[in-house]
Structure formats: C-alpha cells, structure tokens
Amino acid sequence: MDQALPVASTATTRRMRKTLLGTVPVSSPLYQLHPVTRFITLVFLGVVSLFIDVPEINILLIVMVFIYLHWAKVDMSNLKIYLPLTITVAIFMFTVSIGFPSRLPGYHTFQFLGITFYFESLYWTFASYWRLMAMLIGTIQYFSTNRERETLVAIRTLKAPFVITYFFSLALRSAGMFLEDMRTIREAERARGLDETSLALRDRAKLYVMYMIPLFTLAIRRTDEISNALYARGYTPSGKLENGVHRSDYILTKYPIRRIDIIVISAMIITFITVIILRVQFGIFAVAQSPLRIFLLSLWS
Amino acid sequence: MTAVSIKDLGWKYSGRKHFAIEHVDLEIPENSFVSVVGPNEHGKTTLVSCIKGLIPNSFHGVWRGQVEIFGQDVRKMSTERLAADIGFVFADPEAQFTSMTVEEELVFGLENIGLPLNEIQERLNWVCDLTMIGNLLDKSPYEISGGQKQRVAIASVLAMRPRIIILDEPTSMLDPLGKDNIFQILTNIKKDTDLLVIVVEHNIEQIAPLSDLMVLMYDGNIAKAASPAEFFENSDFLLQHGIIPPQATTFVDRLKQQKLYDGTLPVGLEDAIDITSRVLRNHSTPKN
Amino acid sequence: MAAQATSVWTLEEGEVRKPGIVHIVALALFTGIGIVVGTFGSLAIPIGFVSAFWPGQAIQAVGSVWYGMWGGIAAFVFPLISNAMSGSAPLPVSLAYIPGNFVQGIAAGWVFRQFKLDPSLKTAKDWLGFTLVGILAANAFGAAWGTTVLRIFGLITPDAHLVAWVGWFLGNSVASWVLGVLLLKFISPLVVKTKAFCKGYWA
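As you go down the protein sequences, you meet chains A, B and C in turn. Here numbering that gives the first Met the number 0 is used: position 90 in the first sequence is 89, and no number is missing along the way. Here numbering that gives the first Met the number 0 is used: position 274 in the second sequence is 273, and no number is missing along the way. Here numbering that gives the first Met the number 0 is used: position 117 in the third sequence is 116, and no number is missing along the way.
For the record, the hints were derived by calculation from the structure and aren't laboratory data. Everything numeric in this text was worked out from a predicted model, so none of it was measured. Take the hints with a grain of salt, since some may be wrong.
[As the list claims (entries may be wrong)] Here chain A is said to cover these stretches of chain C; the calculated rule only asks that three of the stretch's residues, wherever they fall, bring their Cβ under 8 Å from a Cβ of chain A:
| id | region |
| --- | --- |
| 1 | 89-96 |
| 2 | 103-109 |
| 3 | 117-126 |
| 4 | 130-144 |
| 5 | 158-168 |
| 6 | 177-190 |
Just so it is clear, CB atoms sit at the ideal spot from N, CA and C, and this is done for glycine as well.
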C-alpha cells in the first residue's frame with residue numbers, strides 16, 4: 000500500500016506513489032509540505048465549513064481544493080467513485096426537503112407540478128448540501144494525497160500517545176492486508192472458473208458475504224502473530240522504557256518541518272479563528288447573507 | 000559461561016489437556032550454535048518461546064520450572080531487556096512485520112529499546128550491508144520476494160545486536176535458493192559474531208555442520224542433546240524419533256557397522272570423503 | 000449445552016486474564032476490517048447518508064461479542080475513517096455519531112456476557128439475544144442517534160426524521176444480521192480459543 004510504482008501516463012512514464020485512495024506522482028509539489036501540514040489541512044477543511052452557511056463560499060472552497068489537487072498532480076480519475084455518492088446525497092436531501100419541508104409562517108412558497116415548494120426550506124437544503132460537500136472534499140483530498148506512513152508521521156508530530164499512533168498505523172495496514180487477502184481469494188476463485196459478472200446482484204452479494212469467513216479467519220490468526228512479534232521486538236503500549244524515558248523516533252527525523260509549513264499552518268489557524276469570530280460575533284457567513292438567496296428573494300418582491 | 004539454563008521446565012497452553020513440554024533440563028553455553036530438531040508438534044517452538052520469554056508473557060497457560068538467561072529469571076526480565084538481549088526470527092517472516100516500510104521495520108526494535116538516533120542510523124547502515132537489503136528500504140515488507148522478506152526479518156533482529164538470536168524454522172517457507180541464502184547468512188553469523196544462535200530447523204543436512212550442540216525434541220521432552228558427532232551415533236534411535244541423519248553420516252555409519260571404521264561420525268560431505276578415502280587406503284589390497 | 004455455553008465466559012481455575020498487546024492488536028485489526036467493510040457498504044448502495052446496505056454494524060456487534068470493550072472502541076473508531084474514505088459523512092458529523100456507534104457495537108457484547116449466550120449461536124436463546132438486542136435494539140438506538148445528528152447538522156428536516164430513521168434502521172439491520180450470524184456461527188469456535196478473546200469486558 001505504500002510503495003512508489005511506475006504508472007503509464009499518456010505521454011511519459013512517471014513514477015507514481017500509491018496513496019490511501021489514489022496515486023500521486025513522486026515529484027508532486029505536494030510533498031514539499033510536511034505530513035502534519037497536510038493533516039491540519041484535513042482538519043481545517045473538515046471543520047471550517049461548519050461555520051459557513053453561505054453556499055457561494057463553500058463552492059469557492061471546493062474549487063480551491065480542486066485547484067490544489069490539480070497543482071499536486073493528483074490523478075483525478077480516482078475521484079469518480081464519489082460521483083454516485085454526491086448525486087445520491089443530493090437526491091436524498093432534496094427529496095426529504097421537498098417531501099417533509101419546514102413550514103414556518105412567512106416562508107415564501109411556489110407551486111410546481113402540483114407540489115408546494117417552501118423556498119427557505121429548499122434554500123437551506125441547498126446551502127447544507129454545499130457545506131457538506133465542502134467538508135467531504137477536504138477529507139477526500141487528504142486520503143487521495145497521503146499514505147499511511149504520512150498520517151502516522153503527522154499524528155506522531157502532534158505528540159499523540161504512542162499507543163494511539165501505533166494503533167492507527169496498524170488499523171490502516173490491516174485494512175490493506177484485508178483487501179490483499181480478498182484479492183487473493185477472488186483470484187483463486189476465478190482460477191477455478193468463477194465468473195462474477197455472470198452472477199445476479201443477489202448472488203454476488205452472497206458471494207461477498209461468504210468471503211468474510213476466510214478473511215476473518217486469516218485476520219484473527221494474524222492477531223496472535225503480530226502481538227508475539229511486537230512483544231519480541233520490545234513494544235510496550237506506553238512507549239516508555241524501564242527508566243521512564245520515551246522510545247526513540249527515528250522516522251520523524253526523515254520529515255523536517257520547513258518555513259513553508261509554518262506559513263501554511265499559521266494561515267489556516269488565523270483563517271479559522273477569523274471565521275469563528277466573524278460568525279459568532281458579527282453573524283457573517285449566515286445563509287441569509289448568500290447573494291444568490293438575496294437575488295432569488297428579490298424576484299418575489 | 001552458561002547463557003541459557005533450563006530446569007525442569009513445563010508448559011501447558013490454556014485450554015489444552017496435556018503439557019506441550021515437560022521436565023525439560025538444558026544448559027547452553029554462550030557463543031555457541033545450537034540446533035533444535037524433531038518432528039512437528041513435539042515442542043520445539045514451545046521450548047524456544049520459553050527461552051525468549053514469549054511464554055509465559057505473551058500466552059495464557061500453566062508454567063512449571065525455571066528458565067534463566069545469563070543468570071536472570073526470564074519471567075522477571077522487562078520486555079525491553081528481553082528484546083535487547085534475545086532476538087527472535089519467526090518461521091513466517093510476514094508474521095513478524097510490524098511496520099509499513101522495510102526501513103521502519105528495521106528501526107522499529109531499535110526505537111523500542113531507546114537507542115540514540117545516530118546509533119540507529121549507524122546500525123541500519125551496518126545491517127543493510129550485512130544482509131544486502133539496502134535497496135529495499137523504501138518498499139513495503141509485504142511486497143518483496145520470500146527470500147528478501149526473510150532477510151529483512153533476520154536483519155531487523157540482527158540490528159538489535161542481541162546476545163542470543165533464536166530462529167524458528169527460518170527456511171520453512173523458502174525456495175531452495177532462498178534456503179541457501181539463509182544458511183549462508185547463518186554461516187556468516189557463526190563466523191563473524193560471538194552470538195549464541197539457536198535454530199529450530201528440519202533441514203538436518205545443512206544445519207548439522209554448523210552446530211555445536213544438537214537438541215532433539217520428542218513428545219515434549221529432550222530425547223537427546225549432544226554434539227553433532229555424538230548426536231548421530233545411533234541412526235536407528237534417530238529414525239525412530241523422526242530424524243533422518245545426513246547422508247554423509249549415514250554412509251560412514253554403515254562403514255562403522257561393517258567394522259571398516261571406528262572413529263567419530265562426520266556431518267559434512269568433506270569429512271565423509273576424507274574418511275572414505277582413508278578407509279579405502281587402509282583396506283585396499285596391495286597387488287604384488 | 001447450557002454448561003458448555005457458560006464455559007465460554009467462565010474463567011478456568013487459576014486462570015489469569017489481563018489486557019495486553021494482543022488486545023491492542025485485535026482492536027487495530029478489527030478497526031481495519033471495519034474500515035473496509037464500512038467503506039464498501041457506504042459506497043455499494045448509497046442513498047444519501049442512509050445506506051440501504053451497511054453491514055458495518057455486524058463488525059461492530061461481533062467485535063464486541065469477541066473482544067468486549069475493545070470491540071466497542073473499534074465500533075466507534077472505524078466509522079470515523081470509513082465515513083471519511085467513502086465520503087458518506089464529514090469529520091464533525093462522524094464525531095457526533097460516536098455514542099450511537101458505540102451502542103450499536105457494545106449492545107451485543109453486553110447481552111452475550113450478561114446472559115451467558117454462546118457466541119457460536121448454539122441455542123434458540125443465543126439467536127434471540129443476538130437478534131433482539133445485538134441487532135434490533137442496537138440499531139433502533141443507533142438509527143435514532145444518527146438521524147438526530149443529521150437533524151442537528153441541518154442535513155434533514157424535522158419532518159423527515161422518522162423516514163430517515165426507518166431507512167437507517169432497516170439498512171443496518173438486514174445486512175448486519177446476515178453477516179453477523181455467519182461470522183458468529185462459523186468463526187466464533189476459532190476465536191474463543193485465541194488469547195485475544197475477552198471473557199470479561201477487557202480481557
């Protein structure tokens with residue numbers, strides 16, 4: 000899950016690095032940033048939109064993330080898997096909003112195909128959808144551009160307790176091992192003549208459920224093996240030695256924090272604090288301030 | 000000096016009816032090479048796990064007797080001390096990988112015992128040269144060949160520079176070339192270091208010539224513990240206990256049974272050729 | 000049969016069980032499996048925030064049956080990551096789901112220990128306990144909590160609360176019952192022999 004591998008591109012062959020959810024060229028400028036900076040970006044994008052209801056700003060944030068991904072030379076084709084989800088979330092939210100709208104006195108209404116639409120309720124759903132998408136794209140960009148090791152380095156840099164960092168690393172690795180085992184089992188079944196494409200959806204679901212038995216058996220055996228290996232290599236959950244001193248952290252020395260990291264992290268912290276103050280103290284970024292909303296309401300008058 | 004002292008050792012795994020090993024007594028001197036042999040499920044891995052302290056610290060069960068490492072009770076040694084003093088290489092290298100890159104794998108144990116960063120770097124370079132894995136550092140330990148995996152596993156233990164290194168069937172999952180590589184590394188360890196090496200191994204042909212002491216585990220007990228020459232003295236006894244002696248040894252043993260030779264039994268081919276040449280010289284009839 | 004069922008949870012004479020590295024490893028491995036199953040479930044048949052097929056709850060329930068509180072912790076940790084990877088919920092929403100996810104997991108662990116049910120589902124009582132508490136009650140609570148979170152975050156309207164609850168409850172329950180039964184029936188006999196299996200809540 001962690002290695003650099005050559006991937007053929009349209010013109011040349013570039014060395015690509017496999018990330019948690021995609022591939023990024025080894026030469027990507029993204030790797031100029033320390034893993035902790037990238038991790039803080041995840042938290043920043045995941046939380047800042049909570050304080051912003053104005054859809055235009057959230058759409059702008061999404062555009063900025065796409066520009067960032069383009070700058071980082073991320074293979075965007077991997078992001079296609081999220082397309083059905085973004086559409087179904089929209090369908091779910093708007094169906095619920097239309098079918099079960101909030102009906103407060105003074106709301107503007109209009110009729111379409113015999114259905115009464117409540118503008119404020121509908122616009123709130125529209126704003127909530129883009130707020131949600133802005134938060135999600137922050138998460139997706141992180142998993143598309145980072146490896147397990149970088150996540151581990153980031154949380155170690157933030158001085159998280161050793162047991163948590165190791166647990167996190169092992170959990171991500173075990174997800175990889177689980178998928179690898181699954182691939183092996185599927186290949187073995189195909190080698191014995193199984194054609195999944197000929198199966199009905201129900202049979203395919205049944206097949207996947209049945210895969211779980213050997214996969215779990217393998218994982219459970221691994222639990223004993225890994226715990227023995229950890230014990231044999233002197234692992235203690237506290238990460239402390241007999242004399243109370245903390246274990247060494249060699250891997251962190253491979254990732255120095257540079258000036259650019261300080262600048263980017265500072266910018267995110269300042270922006271975040273500013274957004275909170277503007278929202279809480281001055282009510283800025285409330286949905287009522289959305290230019291589109293103001294324009295649409297002006298059509299009523 | 001005695002490195003490992005085992006007195007009346009017994010161990011029963013939780014939920015099992017019988018003891019996996021019982022009444023085991025053994026003294027192992029430092030700076031020696033010990034092979035533990037015997038059929039499967041007769042207590043070899045349990046014995047070495049007791050020496051490493053994996054039993055009883057990492058398993059549930061009933062313990063009897065005592066194991067001392069350089070005079071210290073293994074049950075009273077800290078995890079960190081055990082890791083620093085005794086290295087353990089598992090049969091399945093993947094079973095011992097704890098990290099996401101080879102480099103992290105090699106330094107994981109060194110970090111755990113709290114070595115300074117410059118010493119970690121120095122040991123990393125040293126062990127990469129010794130085991131020829133410097134080109135693998137960036138790779139995932141799961142995505143290299145079987146032989147490379149076992150070399151990484153051994154390297155990660157050697158990097159700790161323990162006083163004792165235990166290898167539990169290190170060649171069982173390798174192809175012939177991979178096996179030869181591991182035996183070459185074992186030969187280098189024996190030649191270049193003063194470690195106590197304990198190897199659980201089925202490949203008698205290759206392990207016997209390296210051994211100073213051979214221990215036969217059978218039915219949870221030590222059936223025989225002796226130097227290779229003495230160990231192979233009674234072929235019938237060994238065959239009854241699931242051990243096939245090296246062909247060189249069997250051949251010279253036949254000569255012995257036919258009263259053509261009465262010295263110690265060899266374990267390597269070179270010695271067998273020497274003995275055979277001598278026997279032929281002694282028994283050739285001069286043509287006159 | 001009853002004596003056999005009791006023996007799974009009862010300590011042998013002189014048996015000492017303490018939490019250790021193996022439990023942290025079990026927690027991590029279960030979290031990893033949960034990440035895969037949860038992500039797959041969310042991406043497979045998404046209908047917005049409420050998946051029509053989310054077998055992740057089976058991992059939550061079975062984890063707490065086998066590994067007690069460690070399974071309970073995995074039950075709320077893995078959705079944080081699987082929701083992020085599948086894009087089905089952002090971090091703040093996932094954080095708010097934590098109590099619901101914890102109950103979705105630990106309910107099964109509690110009922111098996113409390114009533115000495117056999118994890119291999121050998122008697123009608125075992126089946127009933129798993130189905131009623133481990134699946135139905137756990138998901139009723141989890142769905143109620145989850146849909147309340149969606150409402151607080153303004154992602155569903157108050158009027159849609161009940162519909163979302165029904166969708167969530169059914170989407171979790173059906174898939175999780177099928178997968179949970181398979182795992183308990185076929186893998187429990189192996190798990191109870193391992194050192195990571197928890198007779199109590201922590202060891």
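Could you tell me which of the numbered hints above are not met by this structure, giving the numbers in increasing order?
-> 2, 3 and 4
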